[in-house]
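Protein chains in written order, with the numbering used here: chain A, 8 to 459; chain B, 312 to 399.
Since the hints were made in silico from the structure, they are not lab data.
Please note: incorrect hints may appear among the correct ones.
A few chain A residues that face chain B, going by a derived Cβ cut-off under 10 angstroms, partial list only [to be verified]:
#, residue
1, A428
2, R432
3, I439
Computed list of lysine-lysine pairs in DSBU-like fashion (alpha-carbon distance at most 35 angstroms, straight line) [what the hints assert, rightly or not]:
#, chain 1, residue 1, chain 2, residue 2
4, B, K332, A, K420
5, A, K313, A, K371
6, A, K388, B, K332
7, B, K332, A, K371
8, A, K388, A, K420
Using N, Cα and C, we set each Cβ at its ideal position, and we do this for glycine too.
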Amino acid sequence: MIELVRRFAAADPARVAIITEDDQWSYGRLAAEADALAHGLRASGTDRFAIVSNDVPFIVALMAASSLVGAEACVYAPDITTEDLVRQAGTFGHEVVATTRTDLGDLPVTLRTPEDLRAEGPRIDQLPDSRPLLVLTTGTTGLPRGVRHDWSRQLSRTTAARDAAGQVWLLAYGPQQFAGLQVLIHVFSTGATLMAPPVRRPQAVMEALHTHGVDHISATPTFWRFLLAELRADDRPVPSLRQITLGGEAAPASLLEGLTETFPEARISHIYAGSEFGSTGSVRDGQGGLPAALLERGGDGDISLKIVDGELFVRSSASMLGYHGDTDLPEGEWWPTGDVVEVVGERIEFRGRKSDVINVGGVKVHPLPVEERVSSVPGVKVVRAYGRTNALVGAVVAIDVVPDGTVDERALKESIRSACADLPRPWQPRSIQVVEETAMKGNKIVRGTEER
Amino acid sequence: MNDVQGTILEIVGSLLERANKGDVEVTLDAPIHGDGLGLDSLETAELSALLEDEFGTDPFGAGLMPENISEIVAFYATVEGAGESALA
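This is chain B alone, in the form it adopts within the complex (with noise of 0.2 angstroms):
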């Protein structure tokens, strides 16, 4: 497990028990919605927010729907740079 992948699921992971969802396994292929882990609109958008503050940028923000932890991953991946901020 790679350290951007840690915090993603560090910060979904606490998002959810404020959510109170402490109870939902987080998995990297677990839906965001629905079924999954059931993130609303709400909590999605501060997922954005969050994911943004801690990298600077979020797949959200820049017009992607991810559909699981992976896809958010893999946005970072891409993004050059990202995750810096988490590494230091």
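Just chain A, same shape as in the assembly (with noise of 0.2 angstroms):
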């Protein structure tokens, strides 16, 4: 991370890196920040710390200064209770926090503010062999899983990366999510300018992207759905973007049909990515699924493909070294992405996780095609598919619709019920209900089987 941040420090100083609400931060004040809080990491011997903060600048400056002195980082949730911090400190074995919040209390951490971290000394120019980095996945039960990184594998396809000056990109990802990461080093790689709202949902970003020019954004198709819907509802032109990036989630070809009437002039791409086999890079050519050239590319580049029973497997340079407490991977080890696949013509196509899939009496149905029906239904604004438990055939279909105000609710079930007629009869939605807000967790919807 350092290295990229240098770059464009040197080339162009004042350039703008970051835009906060209240704030800017050039190249050469974030190289600047990086230097003195890589001094501090080394002066007072920390070699492993979390990271507790929403202030981006602060992350971003630690995240470099980590990957100068080879000091593992990692990124909590901004926002985490102080009962979950102390739960995951333990877990990962975190004795230093560095943190900007001033709520934390008394904790059986240290914690460290950025000014506890600063320190002077000459510039550090020998990166260490060892640069690693600890992301968390974004699990939906329980505590998450520590994923092991190097810097220096996340960093080597960026070499060649191009000068992108004057792109803004929004950062619609949490600093600690791996999508997160992957916008960061793109933005810093290319010379780019990186506006972090302080809130990342679609409904509060729509201010910051008129006030502060974004035309590029990375984001999961619900945050997608969601920003629509608020552009729908907003007196003021549409944003003119120029970049639009879809991960996180399968995006359904509804979903990309509105991006493009919206967004004419924007450029559409798919990034397929996962914390443990890291990013196999984008997809520029606007359709849904990933090309299926992708699975005859041999075994010797950085990224290969391969389905088996279903199921997608990559394996790529820049995967994790491993998780935290195990040892590392074999090199160029095959790794199973939970991914159900299948290939239709020139395309591999996503069909959901395969814990989504829920079993309607020996029936395996996949959400995703389901919530596709439905999000074409005139009236409905979002849709999550999800399982039921039933008693008598395991589980169900059932759908929670988010309307539009368009219609009214007797009539949407009814053209909900109409739309997914012809699916086979262990697919169809047993149960619709109308709700106010789809359950989610980092701007992805929540599915699989949920007990009642």
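Using the supplied hints, reconstruct the complex from the two chains, each of which is provided in its own coordinate frame.
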């Protein structure tokens, strides 16, 4: 990370690296802050630590500092409760927590503020051999898992990145998410500008889009769906986006159509990535899924894909080293992604998560095609399909629908049922609930089978 | 006819209509399966989900296997507070 920030700090120190609600950070200032924090980490003998902060410049500077001295940084959710913080620090053996929060009180860990961590010293040029980084997975239940990465592996494909001066990217992911890290790496490796809003929900970023000239956004399909709905309800002209990137979930065709209509000038890409197997790069042809040609790239490239029993496997030079507490994975290990796919013509199409499969009386139902069907029904703003335990057939497909207010509830349920009438019977939603919002985690919809 | 019973009959009626069995007469003592309403396993599962949506609990989920509508109505008569959402 330090090499990215320093590259543009040397070439164009005044260039804006990060815009926050009330401040601006140039590449020069960011590099100087990273240097100071690196000296502080080294002086205090901190070789592993957690970061608990919603101050994105501080997080980025600390990440860069840790990549300079080989200390393992781990970003926690910025709004983590003190209870979860203590539990998580115990699980991952974090004794030091770097924070800008003032509400944490007295905890059984050492809290360090930016002021505590800054120290002076000569510029450090020699990068250590090992530059670890710990990323937490966004598990839907219980404690997250720690995924060990290495900065050199993560950055290996950014060296030839072009100069994208003037591009303003929105940080729509949390800084603790692997996808958020990918955005940071992309922005700083191309010398672009990051706009870091204090709240990253679609409803909350509208103002920032207009005020700060955001023209590039990478976000989940769920985020985009809500953003489109917000834009429809907003009187101002639609911001002219040049780049739309989707990742984290499969993107239904209906959403891609909506995005193309709303942002005719924008290029639409997909990123297929996971905390464990890293990013497989972006697909820029604007279609859903991945090109099937990726399966034939042989085994020598940085990234290879294969399908085993309907599940996509990835082998990547940017994959994790291993889980926290586990030994390193063997080099060149294939990673089961948990994504169920099917090759249709020239495309690898995503059917859903293996763990999201709903078993209806022995028939395996994938929630995504059901959602796709329902999301095209007029009057539907957002839909979430999931399995609901059922005493008679194990589980049934249930859907939660957020209406857009244009269609009466009874008529809406009627049209949803008609739209699903030609699906195989186990796939048809047996319960349709009209709700105000759907269950989400990290701007992704929660699926899988729920106990009631 | 009380409101819980009316709501149950309405749920069953619309379920049958969607299953193209709109001409089947819904009576309190008609058997749910077989020659009566003729609900198959998925339709019964849907009935269970719809009743739960409406009343927050349902006889199938509670481990019972009611054989006709009366038994479903009887189930709610024994559950305290059930039917409130239907009355509201």
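Quick rundown of the hints versus the structure:
Annotation: A/A428 was flagged as interfacial toward chain B, and the flag holds, the nearest CB pair being 8 angstroms apart, inside 10 angstroms. Taking 10 angstroms as the C-beta cut-off, the interface hint given for A/R432 holds, the closest approach to chain B being about 5 angstroms. The criterion of a C-beta within 10 angstroms of any C-beta in chain B is met by A/I439, whose closest approach is roughly 8 angstroms, and the hint holds. Restraint check for B/K332 and A/K420: the C-alpha separation of about 19 angstroms stays at or below 35 angstroms, so the hint holds.
A C-alpha spacing of about 22 angstroms is found between A/K313 and A/K371, which places the hinted pair at or below 35 angstroms, so the restraint holds. For the proposed pair A/K388 and B/K332, the alpha carbon gap of about 32 angstroms is at most 35 angstroms, so the pair holds. For the hint linking B/K332 to A/K371, the alpha-carbon distance of about 27 angstroms falls within 35 angstroms, and the restraint holds. A threshold of 35 angstroms between alpha carbons decides the hint, and for A/K388 with A/K420 the separation of about 13 angstroms falls inside it, so the pair holds.
Violated hints: none; the structure is consistent with every hint.
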